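Asker: Chain residues, written in single-letter form:
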Amino acid sequence: MDYSTIGFKAGIEIHQRLDVGSKLFCNCPCAVGEEKPKSVLRRRLRAVPGELGIVDPAAAFEVAKGKTYVYETFRGSSCNVEEDEEPPLELNQKALDAALQVCNALNASVLDEVHVMRKTVADGSAVSAFQRTALVGVNGSLKTSKGNVAIETVCLEEESAGIVAREEKETTYRLDRLGVPLVEIATAPSLKDPEHVKEAAEAIGLLLRSSEHVRRGIGTIRQDLNVSIEGGTRVEIKGAQQLEDLPFLVENEVLRQQNLLAISAELKKRGFKRVAFGKPHGVSHIFAKAKPFLSDQLKQGKMAMAIKLLFCKALLGREIMPAHRFGTELADYAKSKGVKGIIHCDEDPAKYGLTENDFLEVSTELDCIEDDGWAVVVADESVALSALRAVFDRAFSEALPKETRRAEGRISRFMRPLPGAARMYPETDVLPVVVGQSRVAKAGKLESFEERKAGLLQKGLNEELAEKILRSPDARLFEQLSVSKVPLKTVAWLVTDVKQALKREGFEQLRLEEALKLLEQEKITKAAVQDLLRLGANETGVSLEKLAEAGNLSRIKGEQLKQLAASVQGGFGEIMKRYRFQVEPRELSAMLGKEGGRGGLSAKGERFPPGA
Amino acid sequence: MAYSEKIEALLRKAKAQPGDRLKVENPKGVFEGVLLPRPETGGSHDCIILKLDSGYNVGLSCAKAKLKKLEGSAALEQFASWVPHLAVNKKISLVATGGTISTRVDYKTGGVYMLLEPEQILAKVPELANVASISSIKSPFRKASEDMGFQDWQVLAKEVAKELNGDAEGVIVTHGTDTLHYTSAALSFMLKGLNKPVAVVGAQRSPDRGSFDGAQNLLCAAHYCLSDAAEVATVMHGTSNDDYCLANIGTKVRKMHTSIRDAFRPVNCQSLARIWPDGKKEFLWKDYNKRSDGKVVADVKFEQKTALVKPYPGASPEIIDFYVDKKYRGLIIEGTGLGHVPTCSEVSWIPSIARAIEKGVSVAVAPQCLYGKVHPHVYANLRALSSLGAIYCGDMLPETAYVKLGWALGHTNKPEKIRQMMLKNYAHEFNNRIQQEDFLV
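Protein chains in written order, with my numbering: chain R, 1 to 612; chain E, 1 to 441.
Keep in mind that the hints were calculated from the coordinates and are not lab data.
Predicted model only: the values in this text are computed from it and were never measured.
In this text, a Cβ means the ideal position worked out from N, Cα and C, and glycines have one as well.
Watch out, some of these pointers could steer you wrong.
As the list claims (entries may be wrong) - DSBU-like, lysine-lysine: derived pairs with alpha carbons at most 35 Å apart: (1) R:Lys119 x E:Lys68; (2) E:Lys138 x E:Lys90; (3) E:Lys310 x R:Lys402; (4) E:Lys28 x R:Lys9; (5) E:Lys280 x R:Lys402; (6) R:Lys119 x E:Lys66; (7) E:Lys28 x R:Lys143; (8) R:Lys119 x E:Lys143; (9) R:Lys238 x E:Lys28; (10) R:Lys169 x E:Lys91; (11) R:Lys402 x E:Lys23; (12) R:Lys38 x E:Lys281; (13) R:Lys9 x E:Lys23; (14) R:Lys445 x E:Lys66; (15) E:Lys280 x R:Lys67.
Unchecked claim - Have a look at the derived ranges for each label pair, beta carbon to beta carbon: (16) R:Glu370 x E:Glu32: 48 to 56 Å; (17) E:His45 x R:Glu520: 55 to 63 Å; (18) E:His45 x R:Ser438: 16 to 24 Å; (19) R:Lys445 x E:His45: 26 to 34 Å; (20) E:Gly29 x R:Lys273: 48 to 56 Å; (21) R:Gly66 x E:Glu32: 36 to 44 Å; (22) E:Lys68 x R:Ser438: 25 to 33 Å; (23) R:Lys291 x E:Ser259: 17 to 25 Å; (24) E:Phe439 x R:Ala550: 52 to 60 Å; (25) R:Gln93 x E:Val30: 25 to 33 Å; (26) R:Lys291 x E:Trp276: 24 to 32 Å.
Whenever a hint applies, use it, and build me the whole structure from the sequences.
Answerer: Given below as structure tokens:
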């Protein structure tokens, strides 16, 4: 597809968790998911005033009926601040410095005074019902293969509470995640195509990884996308975690908007005219004979209710992106009102244990003719009504609705309508911070990917290994360990191949630094490293050196090796066969060469780890 | 703190005032937004604060800045006023003062203001319409609770009495939380012949946020006002959850935490009742005063020259001398432990207290420990103090004792009469049977 001809607009927001010792506004450590909750809090949220400060009493009634939010609290990683029981402390200055570093790396101008704001959040993911956020830098730029991409803003903000369970009447969140510092980087909506979106996201990700202040691992970086096309609308897709999914998410969103536009055009062609939402019909008698998952609900007093969807026959079943039909889209709207899904005319009745005749009966009940379709929900009457209303409004909305969608692999699902301009007001409990030029300069600049790669090439790594290292989550670890006298290639092998292999085997506590030290001191051989790390992971209380001695993994070298070589018949091959974990082949081969023995690296052509 | 002279001059030149749309061009870029006033603390005088269209506030240095006023300005937002009058025919009166429960944030300028009208508090709690009709709304003054004094209690007591003698089922008083328990004690003494429930209510979280706790407090207060209790009680969150409120007897309650929702705890007794926002009530007391047909009298006399004094290790007795020389008529001493003051050290308070009592000052002792009673006879030091004529207030909270002494002194000059009044149990200020479970409730 030629994206330059369809009015394609896309931008990304990258949210990266910081690793700066404590949370953004309290002294709790950022230990997410590391402990079991100590207790729970149960809270309800009030309706906050609309844009003009006016609370609609009817809407407030709805909220008052609404959900309970359950918050899990933690001994080690949440306190009164997260619980909305104490005012925030001052802004975490290390987090601010980390954000300044990001600004510098992106050539963004740092604002002279940083003001912390309250951004209202209504889904319970912030106990106070607002998220604290501050704009730190503006007007940056990012170099890409398709030209410079403008970085509109760099913000510092609080992570929301982690969701544990979402049920009809209550949602449970965990507070260990709430308040973890995040840096948010937003590009202008000027990315040129799906691959360009991925490239920009990857470039920002790699840049962030060069900071020692960012967290690593699953969930620590999140990408939100903004996508629109000509005639379509702006849609925000939240929570993409895999870089590889980004181009597909973008492609599928373009596809979705194009297909929805085609459906609108088809409706017009069929002669659709706007009608008011009519009273739904009860069709419980038809669904009483459906499979138990439906009929049991009816026995419990729920109702099956139907509405006619004018001219929608055969459109509901139309696929608008992979494995996602127009009917699925409407069902997601219905689900947001508390039903489990919808049943529509373009489905196979057998799925519900019903027949074509039963479906026809629904059509007859609703006076459907020719192109008319229908949707049915099973729920309590009031829930059913609001769900059907949502289906109707969505099916016949004048234009494509502006939505916030949730990434689910490579497609996205409706989450909620896109909020208007973010409602923000100052966090009056936190003073503004003046950021002078000297502080900005002192924060330093992150090295770009290219700069870091050049550095590694200079140190003697080849191109392939340098890129492998820099793209691995352990690039920082490599840099920390590469101060040792052990050759860089060995360090690289250790933090990539060895670490990954042992992780796959399930070993987590790897004492890499200690092993490297033993290599440096020539107390072990490279061949012994993996076995020794395995032993070390199991015996955490004992030094690797002791474990090497006990496990016959200590290196035999110098005089000792000479004696060994003298005592073993069969030369290099035999010695290496018997002592391959304890003897460095290079030393042995040099020794045997000098002593007049057989040279060569390995008699049997055995492969040894790369390195000296 | 306002903007610096330099910025003021730039703004004058651009003819821009807070609320106006402004364009600021400086070396960092071009920024457009609404000019905001400077907050009182923090930041630099030399930064202009703009609210950008994205909603973010930013501070922009005025160095090398060009300012241009643009079309348009942001007016203060409208806030809803709404009074619940639905089909419910039970009437409740509201007397609003000030405090967190009646603040609001202007979302455009970010300033924190007192609500213009008490009706705006009610707009935050539309469910009140299901409980009662707020038939009368009074707001005799608007003050933060730390700024209130006995004159305010007097005004409040008269206002509440008027409402109680009308057709209301009960009265809700909204109030800042810092000194809410002083006011609840004052109303307990001043409302003579109390005939209906009076709920004193505040909020620990401001109404601008979705987590506003005052809404539940108000709902539960409304339910309390429909109960059969003729008591002044604070009605505030009972736990950190949004589950139920505690109605605590006005003389036996204290703010025990600076910030949490359930900061108001009963001291030396149990709460009067647990009240749920759906109207469920569970009274934990049996012997509370019941609603009656009588008329209440606002008995508001109060002696201004009353003080609360706290001895501590090394504290000088000159504190007492100061009050005596300033012609104070009553002192509550927060005695340490069972009710001590320094007695045998170089800084013994005994001579100064003896002089005070000689000069006709009423001196009473209340527990600095808050929990438990002071006792006049256990130790020799105590006997020294009580033999001078100091009045031992048992388990009465120091704040309650202060209010009570001021109120008693408003009624009589006679030391013996004062003693009698201080030792009489007017409003449950004494609990003569304290039990283990009354500690840290």
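Asker: All hints, please: hold or fail.
Answerer: Hints, verified against the model:
1. R:Lys119 x E:Lys68: holds (28 Å)
2. E:Lys138 x E:Lys90: The given pair, whose Cα atoms are some 18 Å apart, holds under the 35 Å limit.
3. E:Lys310 x R:Lys402: violated (63 Å)
4. E:Lys28 x R:Lys9: holds (26 Å)
5. E:Lys280 x R:Lys402: The hint is violated at about 43 Å.
6. R:Lys119 x E:Lys66: Judged against 35 Å, a Cα distance of about 30 Å means the pair holds.
7. E:Lys28 x R:Lys143: Distance of about 20 Å is within 35 Å: holds.
8. R:Lys119 x E:Lys143: holds (29 Å)
9. R:Lys238 x E:Lys28: holds (30 Å)
10. R:Lys169 x E:Lys91: holds (33 Å)
11. R:Lys402 x E:Lys23: Judged against 35 Å, a Cα distance of about 30 Å means the pair holds.
12. R:Lys38 x E:Lys281: holds (29 Å)
13. R:Lys9 x E:Lys23: Status holds; Cα separation ~27 Å.
14. R:Lys445 x E:Lys66: Within the cut-off at roughly 29 Å; holds.
15. E:Lys280 x R:Lys67: holds (20 Å)
16. R:Glu370 x E:Glu32: 48 to 56 Å: 54 Å Cβ-Cβ, so the 48 to 56 Å window holds.
17. E:His45 x R:Glu520: 55 to 63 Å: Given range 55 to 63 Å: holds, Cβ gap about 56 Å.
18. E:His45 x R:Ser438: 16 to 24 Å: Given a distance of about 19 Å, which is inside 16 to 24 Å, the answer is holds.
19. R:Lys445 x E:His45: 26 to 34 Å: holds (30 Å)
20. E:Gly29 x R:Lys273: 48 to 56 Å: holds (50 Å)
21. R:Gly66 x E:Glu32: 36 to 44 Å: holds (38 Å)
22. E:Lys68 x R:Ser438: 25 to 33 Å: Given a distance of about 30 Å, which is inside 25 to 33 Å, the answer is holds.
23. R:Lys291 x E:Ser259: 17 to 25 Å: Since Lys291 (chain R) and Ser259 (chain E) have Cβ atoms about 54 Å apart, the given range 17 to 25 Å is violated.
24. E:Phe439 x R:Ala550: 52 to 60 Å: holds (58 Å)
25. R:Gln93 x E:Val30: 25 to 33 Å: holds (29 Å)
26. R:Lys291 x E:Trp276: 24 to 32 Å: violated (41 Å)
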